[in-house]
Every structure is written in structure tokens, then in C-alpha cells.
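Colleague: As you go down the protein sequences, you meet chains G and R in turn.
Counting from 1, position 529 in the first sequence corresponds to residue 529 in this note's numbering; the numbering is continuous, with no gaps.
To convert, take the position in the second sequence, counting from 1, and add 690; that gives this note's numbering.
Hints are supplied without guarantee of correctness; some may be wrong.
[What the hints assert, rightly or not] On the chain R side, residues computed to face chain G include the following (Cβ under 7 Å): (1) M782; (2) Y795; (3) N798; (4) R865; (5) E866.
[As the list claims (entries may be wrong)] Computed list of chain R residues with no C-beta within reach of chain G, every gap over 12 Å: (6) Q745; (7) E750; (8) I862; (9) N893; (10) Q900; (11) G919; (12) Q954; (13) F966; (14) I972; (15) L995.
[Claimed, not checked] Straight-line Cα separation of at most 25 Å, BS3-like style, residue types lysine-lysine; simulated pairs: (16) K915/R <-> K335/G; (17) K915/R <-> K961/R; (18) K335/G <-> K831/R; (19) K831/R <-> K696/R; (20) K405/G <-> K373/G; (21) K481/G <-> K831/R; (22) K383/G <-> K373/G.
Rather than coming from a laboratory, the hints here were simulated on the basis of the structure.
We treat Cβ as the ideally placed atom computed from N, Cα and C, and that holds for glycine.
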Amino acid sequence: MLGIADYLWRLIPGNPILRRVVENAGKKRRDMVIRCAYLGLLVAVVLYTLWLSGDDFGDLAALARQSTHLFQQMSYLQLGLVALLSPIFTAGAITQEKDSQTYDILLSTPLTNAQIVLGSLLSRVFFVVALLVSGIPIFAVTQIFGGVAINSIIASFLIAASTALVTGAMAMAIATFKIGTRRTIFSFYLFIIVYLVGGILLDRVDFFHLSFIDSTGAPAQTSTSWLTAFNPFLALRVIFKDKAYMPPNVADLPEAYRTWPMSWVWTSPDTFYYSFMLFLSFAMMAPSVILLRRLAQSTSSLKGWFLQKIHLSRGDRSRRPRSVWHNPIAWREAKTKASAARATFLRYGFIVLGMTGAIVLLVWHSTELAPGKFINHSYDPMKNTLYIEGSGLPEMPVASGVDVKIGDNPATNDALNGRYQVNNYTQDANGAIATIDLDEFARKLSSDDAQSWLLGLTIVEFSVILLIISNAAASTVTREKEDGTLDLLLSTPITSRYYIWGKLRGLVAFVLPLIAVPVASAFIFVAHDFFRWIAQRDSSFDWIVFPEALITMPAMLIIACAFAAILGMQMSLRCRTTVRAVMSSVGIVVGACAAMGWCGYEILDSSSMSGAIAVAIGAFSPFTLLTILIDPRQYAGAAFQQGQSYDPATARIVTFVFCVIALGVYSMGIWSMYKSMVKNFDMTIRKQSR
Amino acid sequence: MAAVIKTVNLTKRYGTLVALSNLNLEINEGDCFGFIGPNGAGKTTTIKILATLLQPTWGEARVCDYVVGYQSRSIRPLIGYVPDYFGAYEDMVVQEYLEFFAAAYNINGSQRNKIVNDVLELTDLGYKRDSLVDGLSRGMKQRLSIARVLVHDPKVLLLDEPAGNLDPRARIEMRELLKELRRMGKTILISSHILPELADLCNTVGIIEQGELLYSGPVADIVRKARAGTVILVGVTRAPEQAAALLAQHPDVDAVAPNNGFLQVSLKNGKQDYSFIASQLIAGGFQINLIREEEVNLETAFMRLTKGMVQ
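Bound-form chain G, shown alone:
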């Protein structure tokens, strides 16, 4: 009994790895700043919410309502900060083996695998948990007003803590199985962002919701989805008891989902989330605990084995040399980064997924659904008769003043010789067709939906490209500082101008194949529409993607990537470590894109601004430009809807002209940053040299 107690004592409270961190906690200035900033933000949210509520404290119910609102704001903020900070504090575990010489020393001590793994994990999660605990007094404010159950507060903390724990466990598992490098840290961040944001977005797709028959016998759909139980933000929303997001009762669920564990997943996704994440953490830790020393002894990595299995790497220590470009710096950025097996896998994965997505959209969009009634060049002008297929009637005469409409727009008799589905028609007393409402054949994916999906696809692709180039640029100089190759280059005749230009050129060349994916996606839609346009020769033809996008889109994407690259290089030059440079530049790029996107969409949506001015300003942001080029009617309706004060053609010309101006402005920005970097390069490097 004493032995078990001793083992458990040494496992956590007496664990020397954990104790070292706990005992030093709070001594680091950086940790104190983060803690103060975290608590400051929580306090700011409390004050802001109270200020917004004004005098709405008239009765107890109002107080409780404000308190609930406050609790929701703080919970979201707390979870957001935990989701942001957990990867930062736990990702270091991924490269601990390479970065720290202490790992081997630990393995050679009598410490057990469990002590090492748990010590490393908890010491990394400790800071985030300490942050959570420090926020409890602020959450206690809600208890003064009432309206928030203590269980909800506990659930909110459990969701945040389990998110931190699973993040740490994942980083530890990656480290133990030797599948991580410094570059993995970025992939790790990216994965977590994509998982969290992707989960929230996919939650809106009907596919992930369950259909059931409600108590009134009417068909209904669950407001929560499969993803609710696996995404912390969605699980958190459940504990707020939001009527628009309530989990179903067991009785409402289809028969197959009424048994455990499905009933748990659906009826109580919040408790399932933190229970499952706790279980998942242990599941990920268990192999590490069992295999830690054995894996440390192995000379090959799981990643190497996997890449060999999928024939992306032969595991050789040699290969045929490639030809080096005249500018070796550009060659290295463009070629050696892209040729690594993992990079190859990701690049091809990106290209294949992106193009597959675009082709699927095009195929769905071009697949016509068989209408009930339609005309197919069946108008005979000589006899003035029309045959409507599916009507079950023979050729019908057409009245002389027939009223033809295509959609909502009036059309001439010539339209009768086209290929349209027939929505409705009326006959006069003589049986002749008096009115006929035509429309384009319905498609598996309508034009509006095709535009929305294509826009979503290109924006996601461009966001990923921006993150990739920001990461690559931010690590490009710091990595050379860290591995010592920068000194070798600086002792050669390579000048700072040549070096920085080479880096910029190489980085842009590195992402060009990726930029080609959204451009090619747009191209196939333009090509498809081009043939339809030739057939119809209609001046008001609705393009899925405006043809001029084939010029403006690649130009804007390339220049935006170059801008992100030069920004990342600035950070890389100024920061001493890769992690700091990556975090700074990704933060700046994400912040700038969010600000520009938000402003851009607000301007496009603004009713107080004329359409032409809105698109002119919108053309300066790559995200809003993509929107204007692909889905203008939904997001820039004021300028692109027919019948508005500015016709679409004018709006397109304005967009094109201002896009060219924006390209010039961005180019000047890049040029000035480039000149500044060249000027300050030697001084910055020498300052850091020691």
C-alpha cells in the first residue's frame, strides 16, 4: 500500500520534472506578462459588457440576463485564449529531443517512463491550467448577479482544461514517436486552427446534422451536429442553453442513436467533449508511457517509415544532384524546401485536393437536372408552333403577342428556339400559347451555390497559401542563423541585396504551384462559361467567375504572397528564434487579413457608400477582390445587381482599374520594405552576432 502511495507521489507531486517547472513558475517575466494580459482581457470583457448593458439592471431578471451574457463572453474569450496559448506552450515538446540535450540524460536516470511523460506533459500544460485557475475570481463575479449555474462555470473550465490537456498530449505523442521536426510546430498550429475553425464552419452544413420526426410528427433536424461533441467552441455553446443550439432529447433521436454512447454524444455533447478529450489524452499518452525508451532507442522514425511506404521517400542517404540556379539563394528557397518528402506530400495533397474540389464543383454545376417540361429548339417559326417536351401534348400554336420570360426578364420569341425548362405556360382560347415562363435548366449545383462554394474554396486555399508562405519566410533567415549557414553565406561575395532578393524570389517561386490551384479553379469555370457564352451571345450573361479574373486574380495573389513573404522575412531578420519569428509574422498576416477582410466586406455591404466606390476600395484587399470576381451579387450587390445605379460592366471596369492600382501600391510597399531590409541587413545581423 505504501509502495503504491510512494509511486503515485513520485508520479505527479514529487515528479522532479514537474516540480522544476512549478517551483520556477511565476519567476519568468514573460509568464507574468502573459498572465497579466490574460487577466486584463477578462477584466476588460467584464467592464465592457457592464458598460454596454447601461442601465439594464432594473430587476433581478435583468441582472441575471446580464450575468449570463457576461459569462458567455468570458467563456468564449477564455476558451479562445486557451486554444491560442496551448499550442504555443505545448508545441515545444515536439522538438525537445533535438533542441534539448537533457532528454537523453533524463532517459538514462532511474525515472520511469510514466514520470518522464507525465512530467513533461503536465509541466507544459501547467502554465495554461494556472492561467485558468487565476481567472476563477473574475468568473465569480457572475455569481454575484445570479443567472449562471455553478455547474455551467465548472463545465466551461473543464472544456478549456481538457482542450489544453489534449493539445499537450498530442504534442507529446508526436515527440515520442519521432514524427516531429521544427517545421512540425507550424503544421501543429495549422492543424489546431483548421480543426477548430473547420469544425465551427462545417457545423453549419446540413450533412452533419441528424434528421428526425419531432413530437408533432413533422420532419426536423437537430440544431447540434456530429461535430458539437468534438469541438470545444460548439460544446461550449451547448452549456449556454441557447435555444437555437439545443441538443435533442433521447426520445427525439432516431432509434439507432438512442443507445450509449450515441445517445451521450447527441444529448450531452458538452460532457461527452471533456470526458472524451480526457480519455483521448490518456489514449495518446499510454503508448508513449509504454514505448518511450524503446522508441528513443530506435534509429528510424515513424514518419520515415510512413513516407517510405507511400513511396515519397526511399530512406536513402543519397540521390542524384539537381542543377543549382545562378542565384543559389533563390534555388534553395524554391527547390530544397519543396523537395523534402513531407513538403512534396503536402504540396501534392494541396494541389490534388484543390483541383478535385474545383472539378467536382464544375461537374455538379454542369450537371443538368431533368426538368418536367422543357423546350429544346423545338420552335418552328414557319408554322409558328412550339413543342413542349413532357407536356404530353403535340405541337402547340404560339399566339402572335406571346409573352416570353426567361427568369424574371422579358425575352423575345427567339428564346423559344433555345433550350430551356418550362416553368409555366398559359394558352388562350384558341389553344395557342399566350404566356410562357422559361428558365435555364436547373443544375445539380445552381450558379449561386457554385459561386459560394468556389469562393469558399479559393479563400480557404489562399488562406492556407498565406500561412505557408508566412511560415516559410519567417523561418528562412532565423533557421540559417540557428544552423550557422548564414555566416557561411555572409563570408561569400553575396551581397545583402542579392541575398534578400534571392530569398524573396525563391519564396514566391515556392508557392507559385500552390497559387496556380485557385487560379486554375477559376480558369476551368471561365472556360466552361466561355463556351456557354459563345452559344448564347447574351450581353447580360452571368459568369460564375468574371474572365478578367484570369489576369487580376493571379497578379493579386502573387503580390499578396510576396507581401507576406517580405513581411515574414522582416520578422525573420529581426527575431533570434524561428518560433518567435513564425509566431510574429503569422500573427501579423492573420491580423492584417482579418482587418482588411472585415473592412472590405463592411465596405462592400455598406448601404451608405455608392457601389463603384465600394468595389474600388474592395479591390485593395485580396479577399474582397476574390469575392468581387467570383461571387459579386451576394457580397457586392449594390454594384453588380442589374437595374442598380451602376451597371455590372461599370463595376467590373472599376474593379479592374483599382485592382491594377492596388497592385502598384502593394508593389511599392514591397519595394520599400525590400530597400529598407537591404539597407539595414548588415546592421541587424551584426547586432545579433555574438
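Model the placement of chain R on the given structure of chain G, informed by the hints.
Modeller: Positioned in the frame of chain G, the structure of chain R alone reads:
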């Protein structure tokens, strides 16, 4: 002979720390100069300044008559710098690594291929041309570092601890390679802690401590300088204490001390004749089994000239 490397009152400060203090150094064309000093003495700082990677705080450093800091661009094609670590790029094979640096020196086209082949042959790395640089052994990497600095045929080689952490065979191979480069007329500045090898390789050395150059000149001179007085090792078959007492009475003897079973007899300054030792001991009834002057090599000289202080 013209000085290829010359420093005048070269000083480098990092904040309050003085890494180099008024260093005056002159290395002639074709010299192989061994730079010796304890860790933190300022060797790497000096080499980095000469490699144009650092600016001196004051003073002047010249390479081939070009001033570091003002004419660095003219210096870079003339030097080859090997740091005390191996700067490896991921996913590059040996040939690409050399072609990469050849391109950095603006060597392109067929000339580049020829030079890379020649350099690989010279450094015996031809059979490794397709091997990934990351996978090479430490010795191979050091040879590759030398190959790297040879692609542009520099006049001056600045080598910072090129044999550090190498096994004996790799060290011997490295030494032979450097000898070959010296025969080719390269001026070499090499810092190392392996003093016997420097003594074998270099014709001149400099000893630096706490940023100050204690000595600079031919190896033979430093040995002579380190020899503060004549020291004789004497072995007797019995009663060494009595023999020591007997010798200590001689007016030319400064001190007698036991040393590993022998007697270490230090003569007074200026005294070099030690023939009296044998005659006095024989007269005292002692049998002598050894009498020889103590050797002073580079290691001994280094230990005597430096105080082992680091910054």
C-alpha cells in the same frame, strides 16, 4: 614578403566585455599561422572579423591590403572561411552543396562543374557526391567544409577549429589535406587546441589570451622564449634526496625538485652549462641513469606563456 593578413590595434568589445584588445598581427603570404589560446581568448572573434562577419570596435584589420569593413566586398572572394561548426542545409547532396557555394561566388556553367569535380577529387570526396550532406560523418563534413572553401580558389584560408571533435584518423587526414593546401601556396590561419598538430603544420604561431596577443612568431622562437632557464632531468639509482641536496649546493643551481622519480634541476638565469652535474654526482658516489635537458614543446610553451584565464 608581403603581409596578407595584418591587424593594427584590433579591438572588439561586446558591451563591457573586451574580446580583443589592441591585437597586432602579421601573417605573410604562404604562411601557415597557428592561432592558439584558451577558450574565450578571442580567436573566433579575430577570425570572424577577418572573415568580414564582424566589425572591429576600433583598430584595423587588412586582408590582402583591403580593409575589413570598408572593402569587405573585395575581401570575400579572396578568403575561405571554415567556422567551428558545420553549416548544413537540409536535403542537399554533396555536389549540390558545393555547386550552391560555387554559385555564391558567381562561378557558373561548365566551369562550375569542373571546379566541383576537382575539389571533390582533392578532398577525396568524389565517391560521396550523391550523398546527403546531413548523413555524412563528422570527418567527412569537415572535409566537405574544406572543399567548400576551395571552390573559388581563395588566397587565404581562415579555419576555426577544423579538427575539433574529429577521431584520430580523420584528424590525420585533415592535417595531410592542410599540408597539401600549404604546398599549393595558400595562406592559412588556423585555430586549434591540438597543439602538436599545429607544431607539425604551422611555421608561425600566435598565442592569445584574454584578447591580447602574448606572442607571435616562428614556432622555434616561441619554444626558445618559453624556456625561462635551462632545466635538466637527472636520474640516480639510489638516495635521490641526498643527490638533490648535493646538487642544490652548487652555485649555478637555482632549484632542485623531484619529478616523476627524477630530479628536475633548474639552473640560474644565464647558466647553460650543466656538465658539472655529472661530475659532482659521481664524486658524491651516485650512479647516474639519466641526464638530459628537458624538452620544451609547443604545449609546454603554451602552458608557460598563458595563465589559463578566460573572459
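Colleague: Each hint: holds or not?
Modeller: Hint by hint, here is what the structure shows:
Look at M782/R: its Cβ gets to within about 6 Å of chain G, closer than 7 Å, so that hint holds up. The interface hint given for Y795/R holds, since its Cβ lies 6 Å from the closest Cβ of chain G, which is under the 7 Å cut-off. Taking 7 Å as the C-beta cut-off, the interface hint given for N798/R holds, the closest approach to chain G being about 6 Å. With a least beta-carbon distance of about 23 Å to chain G, the hint placing R865/R at the interface is violated under the 7 Å criterion.
For E866/R, the shortest C-beta to C-beta distance to chain G is roughly 24 Å, which exceeds 7 Å, and the interface hint is violated. For Q745/R, the shortest C-beta to C-beta distance to chain G comes to about 6 Å, within the 12 Å cut-off, and the non-interface label is violated. Interface exclusion of E750/R from chain G stands, the closest Cβ pair being 17 Å apart, more than 12 Å. Annotated as non-interface, I862/R keeps its C-beta farther than 12 Å from every C-beta of chain G; the closest such distance is 25 Å.
Distance check on N893/R: its Cβ is at least 25 Å (rounded) from any Cβ of chain G, clearing the 12 Å threshold; non-interface status holds. Listed as a non-interface residue, Q900/R keeps its Cβ farther than 12 Å from every Cβ of chain G; the least gap is roughly 18 Å. The beta carbon of G919/R sits about 42 Å from the closest Cβ of chain G, which is more than 12 Å, so the claim that it is off the interface holds. At roughly 43 Å, the least C-beta separation between Q954/R and chain G is larger than 12 Å, which holds for a residue marked as non-interface.
Listed as outside the interface, F966/R is consistent with that label: its C-beta sits roughly 57 Å from the nearest C-beta of chain G, beyond the 12 Å cut-off. I972/R, annotated as away from the interface, keeps every beta carbon of chain G farther than 12 Å; the closest lies near 60 Å. Non-interface call for L995/R relative to chain G: holds, since the shortest CB-CB distance, roughly 28 Å, exceeds 12 Å. Distance restraint check for K915/R and K335/G: the Cα-Cα separation of roughly 56 Å exceeds the 25 Å cut-off, and the hinted pair is therefore not satisfied.
Distance hint between K915/R and K961/R is fulfilled; the C-alpha atoms sit about 15 Å from each other, no more than 25 Å. Restraint check for K335/G and K831/R: the C-alpha separation of about 22 Å stays at or below 25 Å, so the hint holds. Taking the CA atoms of K831/R and K696/R, the gap is about 30 Å. The hint is violated against a cut of 25 Å. A distance of roughly 15 Å separates the Cα atoms of K405/G and K373/G; the hinted pair therefore holds under the 25 Å criterion.
Simply put, K481/G and K831/R have alpha-carbon atoms about 19 Å apart, close enough for the 25 Å limit, and the pair holds. Taken as a hint, the K383/G and K373/G pair is honoured in the structure, with Cα atoms around 21 Å apart against an allowance of 25 Å.
Comparing the model with each earlier hint shows violations of hints 4, 5, 6, 16 and 19; every other hint is respected.
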